[in-house]
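S.K.: Listed in order, the protein sequences are those of chains A and B. FYI, our numbering numbers position 62 of the first sequence as 62, with every residue one higher than the one before it. FYI, our numbering numbers position 96 of the second sequence as 96, with every residue one higher than the one before it.
Careful, some of the hints might be misleading.
Sample of chain A residues lacking proximity to chain B, with all beta carbon distances greater than 10 Å (derived) [as the list claims (entries may be wrong)]:
id	residue
1	A29
2	P67
3	V70
4	E72
5	E73
6	P78
7	R104
8	P121
What the simulated footprint calls covered on chain A by chain B, stretch by stretch (three residues with Cβ under 8 Å from a Cβ of chain B suffice, anywhere in the stretch; the number is not a length) [stated by the list, open to error]:
id	segment
9	6-12
10	16-27
11	34-43
12	49-62
13	79-86
The calculated label-pair distances, taken between Cβ atoms and stated as ranges, are [as the list claims (entries may be wrong)]:
id	chain 1	residue 1	chain 2	residue 2	range
14	A	E96	B	L137	48 to 58 Å
15	B	P116	A	P50	18 to 28 Å
16	B	G46	A	L43	21 to 31 Å
17	A	R7	B	V70	38 to 48 Å
18	B	G27	A	R84	28 to 38 Å
19	A	Q9	B	D3	53 to 63 Å
20	A	S82	B	V70	40 to 50 Å
21	A	A107	B	L179	45 to 55 Å
The hints are simulated quantities; they were obtained by calculation from the structure and are not laboratory data. A virtual CB, placed ideally from N, CA and C, is assigned to each residue, including glycine.
Single-letter residue listing:
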Amino acid sequence: MSSILARVQRFRWQQWLLVVALIAALAFAALQVASMVGHARALYPLRNDPIAPWMTVAHVAHAFHVPDAVIEEAIGMPAGSSDRRPLGYIARQRGETFEVIRARIEAAIAGATPPAPPAPPAPPPAPARR
Amino acid sequence: MNDLVLSWIPDYGLPVLFAALSLAAIGLPLPGTLLLLAVGSLVSQGELPLWPVVATATSAAVLGDQVGYVAGRWGGERLLGGIERHDRGGRLAQARALAERWGALGIFLSRWLIGPLGPWVNLSSGLASYSWARFLLWDVAGEVLWVALYVTAGKVFSDQVTVIADLSSSLAWALVGVLLAAFFAWRLARALRHGPA
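For reference, chain B alone in the conformation it holds in the complex:
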C-alpha cells in the first residue's frame, strides 16, 4: 500500500498528495509522514515546487481533521444523548471538562508529535463539543508544524526517507505507550490513595 501510494506521487503529484493526506487525517492507514518525507525529497531534486507542496499538504491534513471533528460532533450527538440519560455520576461532564482543560495541548501535539492519536483526538474533540474555532486554531498550528518539519527533513535526508519515516513512527508510538502508561499509573495511584472504587 505504501509503495503504491508513493509510486503515484512522481506521476500525479499534488492531487495524490492531497487525497492521501486527507484520508490519513480521517484515520485511514496511509503513510502520511512517509509521504511528506518523500515529497520533501522530490522538492530537493526540483521535481515538485516547495510552497504548493506545503499549502496542499497542510490544507489536506486540516480538511481531514475537520471531517473527523464533524463526525464526532454531529454523529456522536445521538450516542451521547443516550449515554447522558443514564450517566448519573456525571462522567460525561467530567470528560467535557477534561477536554476543555487539555484539549488545546492534545490537539496540537497529536498533529505532529503523537500522530497515531490524531484521528481519535479529532473524533473525541467533536464528541466533547470542544469549541470548533479553538479546534481549528490548534489544528492549523500543529499541521503547519508537521508539514514544515517533515518536508524539511525529506529535503535534508533525501537519500534516507524510509529510515527517517521508521524512526519518527517508532518515536510517536513510544510516546503513545508512555502516555498510556502514565494514564494507567495515575489511575492506580488514585486507587491506592482512596482505596479500590
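Chain A on its own, in the form it takes in the complex:
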C-alpha cells in the first residue's frame, strides 16, 4: 500500500492528466446512464412520441391508435386522401405554423380516444395488529 502511495507521489503531469481523463470518462458514462434511465422511464407507462414535423398522417394515426380519418379531418383534408407528405411540409404549404397543426391534431386525438377508466377504489385499511 505504501509503495503504491509512493509511486502516486512520483506521478508526473502525464499521469495526473490520465487521472483527470479517467474521472471525466466515468462522469460522462454516469451521465449517459442517468439519461438512459430517464428515456427508459418514458417507455413505461406507455407514452407516445410527441407529434413531430417529419411524421405523416398515417404515422400519427398509427402511433396514437386512431383512424387516419381523425387526423385528416383535424387538418382539413378529405378522408381517405392517403397524403404521404410530412406534417411540417403540409403546414408550410398552407402558410400555417406546425404548432397550430399539432394543436389541432392533439385536440382531435383527445376527442377520439375514450377516456381512461376510473382508478379502482383503494383497498380498505388493514386492521391494526395487536
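Starting from the known structure of chain A, arrange chain B on it as the hints suggest.
M.R.: Below, chain B without anything else, positioned relative to chain A:
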C-alpha cells in the same frame, strides 16, 4: 437536421435512406439509428417494403464504411511514412499489432453497439493496414445486425421511435465512456506497476 432528413423519407424513400446512411457511416452527424427506427415504423404501416429497406440500409452503411477505410489506408500512407521515420520506439508497429489482435471485435461492435466509434474505427483500420477482406467480413456482419436490430425495433415500437433512438444513443455513449475509462485505468495501472515512464 434530424427532422429535415426524416421528413424526406416518406416522400423519397429508399434513395434518401441510402444517401443518409452512407454519409452517416462516413462520419457526418446524421441520425442513422433514428432513420432505421423510422423506416421500421413505416414498414410496419406498409408504407415501405421490408427487404428492399434492409438491403438498401445495409449496402449504404457498408459503402460508407469502405470510404472511411480507404481514406485511412491510402490517405494515411503519407502521414504514416512521416511518422515511421521518427518512430524509434516502434509505437506504430505496436498499434498495428493491436489492430490485428482486437480489430475484428472492434469493427463488429462499433457497427451496432458502440456506433459513435464506427467512423473512427474505419479510419484507424485503414491507417493500421488491417486486412481489407477481414474488415469487409466483420463490417458486413455488424451492419446486417445493426439494420436488423433497429428496423425490427422500429416495427415493434413504431409509436415510440424517438424514445428508442434516444435510449440507444445514450447506451452507445455510456459504453464509449466506459471503454475510455477502462483504457485510462489500464494506463494508470501500468504506471503504478512500473513507475511513471
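S.K.: Each hint needs a verdict: does it hold in this structure or not?
M.R.: Comparing the hints with the structure gives:
1. A29: For A29 (chain A), whose nearest Cβ neighbour in chain B is about 3 Å away, the distance does not exceed 10 Å, so it is violated.
2. P67: holds, 13 Å
3. V70: holds, 15 Å
4. E72: holds, 15 Å
5. E73: Label holds. Min Cβ-Cβ 19 Å, cutoff 10 Å.
6. P78: Holds: least Cβ distance 19 Å, greater than 10 Å.
7. R104: holds, 19 Å
8. P121: holds, 31 Å
9. 6-12: Since 5 is at least three, the answer is holds.
10. 16-27: Holds: 6 residues of the segment 16-27 of chain A have a Cβ under 8 Å from chain B.
11. 34-43: holds (count 6)
12. 49-62: Holds: 9 residues of the segment 49-62 of chain A have a Cβ under 8 Å from chain B.
13. 79-86: Answer holds; 3 residues pass the 8 Å Cβ test.
14. A:E96 - B:L137: 48 to 58 Å: holds, 52 Å
15. B:P116 - A:P50: 18 to 28 Å: Once the Cβ atoms are compared, 25 Å apart, the range 18 to 28 Å for P50 (chain A) and P116 (chain B) holds.
16. B:G46 - A:L43: 21 to 31 Å: holds, 25 Å
17. A:R7 - B:V70: 38 to 48 Å: This hint holds: roughly 44 Å between Cβ atoms.
18. B:G27 - A:R84: 28 to 38 Å: holds, 31 Å
19. A:Q9 - B:D3: 53 to 63 Å: holds, 54 Å
20. A:S82 - B:V70: 40 to 50 Å: holds, 43 Å
21. A:A107 - B:L179: 45 to 55 Å: 47 Å Cβ-Cβ, so the 45 to 55 Å window holds.
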